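**Student:** Here are the chains, one letter per residue:
Number of protein chains: 2
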Amino acid sequence: MRILLTNDDGIFAPGIQALWRELSEVGEVMVVAPDSERSATSQAITVHHPIRVDQHCFDDPRVCGWRIGGTPTDCVKIAVEALLDQKPDIVVSGINQGPNLGTDVLYSGTVSAAIEGALLGFPAIAVSLTSWKMDDFSVAAKFTSNLVLTAIQKPLPPRTLLNVNVPPLASSELNGVEITRLGAIQYENIFEHRKDPRGRSYYWMGGKQVDSENGAGSDVAAVKQGKISVTPIHFDLTNYKIMPLLEEWNLTT
Amino acid sequence: MRILLTNDDGIFAPGIQALWRELSEVGEVMVVAPDSERSATSQAITVHHPIRVDQHCFDDPRVCGWRIGGTPTDCVKIAVEALLDQKPDIVVSGINQGPNLGTDVLYSGTVSAAIEGALLGFPAIAVSLTSWKMDDFSVAAKFTSNLVLTAIQKPLPPRTLLNVNVPPLASSELNGVEITRLGAIQYENIFEHRKDPRGRSYYWMGGKQVDSENGAGSDVAAVKQGKISVTPIHFDLTNYKIMPLLEEWNLTT
Chain A
1 MRILLTNDDG
11 IFAPGIQALW
21 RELSEVGEVM
31 VVAPDSERSA
41 TSQAITVHHP
51 IRVDQHCFDD
61 PRVCGWRIGG
71 TPTDCVKIAV
81 EALLDQKPDI
91 VVSGINQGPN
101 LGTDVLYSGT
111 VSAAIEGALL
121 GFPAIAVSLT
131 SWKMDDFSVA
141 AKFTSNLVLT
151 AIQKPLPPRT
161 LLNVNVPPLA
171 SSELNGVEIT
181 RLGAIQYENI
191 FEHRKDPRGR
201 SYYWMGGKQV
211 DSENGAGSDV
221 AAVKQGKISV
231 TPIHFDLTNY
241 KIMPLLEEWN
251 LTT
Chain B
1 MRILLTNDDG
11 IFAPGIQALW
21 RELSEVGEVM
31 VVAPDSERSA
41 TSQAITVHHP
51 IRVDQHCFDD
61 PRVCGWRIGG
71 TPTDCVKIAV
81 EALLDQKPDI
91 VVSGINQGPN
101 LGTDVLYSGT
111 VSAAIEGALL
121 GFPAIAVSLT
131 SWKMDDFSVA
141 AKFTSNLVLT
151 AIQKPLPPRT
161 LLNVNVPPLA
171 SSELNGVEIT
181 RLGAIQYENI
191 FEHRKDPRGR
201 SYYWMGGKQV
211 DSENGAGSDV
221 AAVKQGKISV
231 TPIHFDLTNY
241 KIMPLLEEWN
251 LTT
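Those protein sequence lines, which keep their order, are chains A and B. Numbering of the first sequence is given in our numbering, commencing with residue 1 and proceeding in unit increments. Numbering of the second sequence is given in our numbering, commencing with residue 1 and proceeding in unit increments.
I should point out that these hints are in silico values taken from the structure, not numbers from a laboratory. Treat the hints with caution; some may be incorrect.
Because identical chains share one entry, a pair is satisfied inside a single copy or across any pair of copies.
Listed next, the in silico SDA-like pairs over lysine to any residue satisfying Cα-Cα at most 20 Å (straight line) [said to hold, decoys possible]: (1) K87 with E188; (2) K154 with M1; (3) K208 with H193; (4) K224 with Q55; (5) K208 with D59; (6) K154 with M243; (7) K195 with P157; (8) K195 with W132; (9) K133 with E25; (10) K154 with P168; (11) K133 with S36; (12) K154 with D135; (13) K241 with D135; (14) K87 with P158; (15) K154 with A170; (16) K195 with D54; (17) K142 with N250; (18) K142 with T253; (19) K87 with E28; (20) K208 with G121; (21) K241 with G217; (22) K195 with L84.
Please read all numbers here as calculations on a predicted model, not as lab measurements.
Using the sequences plus the hints, can you model the full thing?
**Tutor:** This is how it looks when you write it as structure tokens:
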């Protein structure tokens, strides 16, 4: 099995290193990941400047890969279209440091890389550890490795990916696995106004998270309950339900 | 009516200028747009460095706004959360120079700004002229202005936006308006390998477009037929249909 592995925290991040070690036990891992952190880049692609590509080897002789001067989506595209001799059997993105839950997946480079994998026709999995601090990725890595095997064997339906969020708990403390829907995450007071030494304004995006629509069955609720959340993701943004309503608008040129 | 207007081609682009002139006839337009081109930035947000905000006035005394050192999604967030005294009644993004059709909307800064508007609870419209060359935005601007009035009056259902693509035709040459679904756009041979004067590799993303799944009813087909395409867009990426299938996988920690 050939696994294309990427992330948005960059190729030096501990999450991707833990995952490639684990995935190396079940398949041939090809790492193609950003050369630096590219979180919150969504599905951005690099079209206005060229993309640097450098080979990259770590201590573990089983894994050499590429570090890319681009976004996570760039990484998946350039891996499949230019760098790899053979197509992967599956695309895996992560392990992200921090959650990718609810509507926040819209901004996520981690999830977007997996969407790109699915767009290109491959099974795909995005995985996040829902802590910005915990540096033990072993539980999430092991779960992902097993999920990769399952997704290949069952298999995963086309044009679908799985978004996995793992709580920062020991294996014995986890409360199981739940198949979830995406919840909603909203923020308030998210901009902080400052002035530079020359008196010019700038803002930091920050802010306080306000939960909503995160009842039973949502990914947010599952993680709060100590469960690993697995959400199937599609990328057809057409809202078919309201097409009849729009027909009644009788729009004309 | 208060209209928040943004885009991804930047505040100096002719498309946004044509649209603000037209929209100024039907409401109070507040322009909050990137200080330079930010196309293909998807729904990226700026969290790793601060965001510059400068007031910006054009020749037309009716319109002063802000130019933002950030992405289209940053613009919508910072407008609503920090810059505007009152909330807008609708968010409009465009007019983009070039199409935003099918799966390409996943990469689009123009469409993502409208998604952000809908996420924040406002009706929202993204509009594109499906030509990279034509500099007459008047037909698209007039259609958008009428659509804004309709979307406010009808009104547009919550958590939905409209993605509009206007062919580069005179009003008399247009073949009507069609309510469409998103098609699919695929590319092949999309990376061009080059070497810099020091012998180091780099790649340009480019390539040839290959249509697929663009039959009757798709936005791609409608534009090809000389129609204005209007696609309702949602942003719930949960693939509810395959949740029962995943339950059968009996995943465990």
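**Student:** At most 20 Å between alpha carbons: which applies to K87 and E188, within, between, both or neither?
**Tutor:** For K87 and E188, only the inter-copy Cα distance (14 Å) is at most 20 Å; the intra-copy one is 43 Å.
**Student:** Is it within a copy, between copies, both, or neither that the alpha carbon of K195 lies no farther than 20 Å from that of D54?
**Tutor:** Between copies, since 12 Å is at most 20 Å while 39 Å is not.
**Student:** If the cut is 20 Å between Cα atoms, do K195 and P157 qualify within a copy, between copies, both or neither?
**Tutor:** neither (51 Å within a copy, 40 Å between copies)
**Student:** Can you give me the call for K154 and D135, within, between, both or neither, at a CA distance of at most 20 Å?
**Tutor:** Neither, since 31 Å and 51 Å both go past 20 Å.
**Student:** Reference check for the pair K195 and W132, CA-CA at most 20 Å: within, between, both, or neither?
**Tutor:** For K195 and W132, the Cα distance exceeds 20 Å both inside one copy (28 Å) and across copies (38 Å).
**Student:** I want to check one pair: K208 and G121. Are their C-alpha atoms no more than 20 Å apart within a copy, between two copies, both, or neither?
**Tutor:** Intra 37 Å, inter 18 Å, cutoff 20 Å: inter-copy only.
**Student:** Give the relationship of K133 and E25 under a CA distance limit of 20 Å: within one copy only, between copies only, both, or neither.
**Tutor:** neither (26 Å within a copy, 52 Å between copies)
**Student:** My question is about K241 and D135: at a cut-off of 20 Å on alpha-carbon distance, are they close within one copy, between copies, both, or neither?
**Tutor:** neither (43 Å within a copy, 35 Å between copies)
**Student:** Regarding K87 and P158, is the shortest C-alpha distance of 20 Å or less found within a copy, between copies, in both, or in neither?
**Tutor:** within (16 Å within a copy, 41 Å between copies)
**Student:** When no copy is specified for K154 and A170, does a C-alpha distance of 20 Å or less occur within a copy, between copies, both, or neither?
**Tutor:** neither (28 Å within a copy, 52 Å between copies)
**Student:** Cα distance capped at 20 Å. Does K142 pair with N250 within a copy, between copies, both, or neither?
**Tutor:** between (54 Å within a copy, 16 Å between copies)
**Student:** Could you place K195 and L84 in one of the four classes (within, between, both, neither) given a Cα distance threshold of 20 Å?
**Tutor:** between (47 Å within a copy, 19 Å between copies)
Checked against the numbered hints listed earlier, the structure breaks hints 4, 5, 7, 8, 9, 10, 12, 13, 15; every other hint is satisfied.
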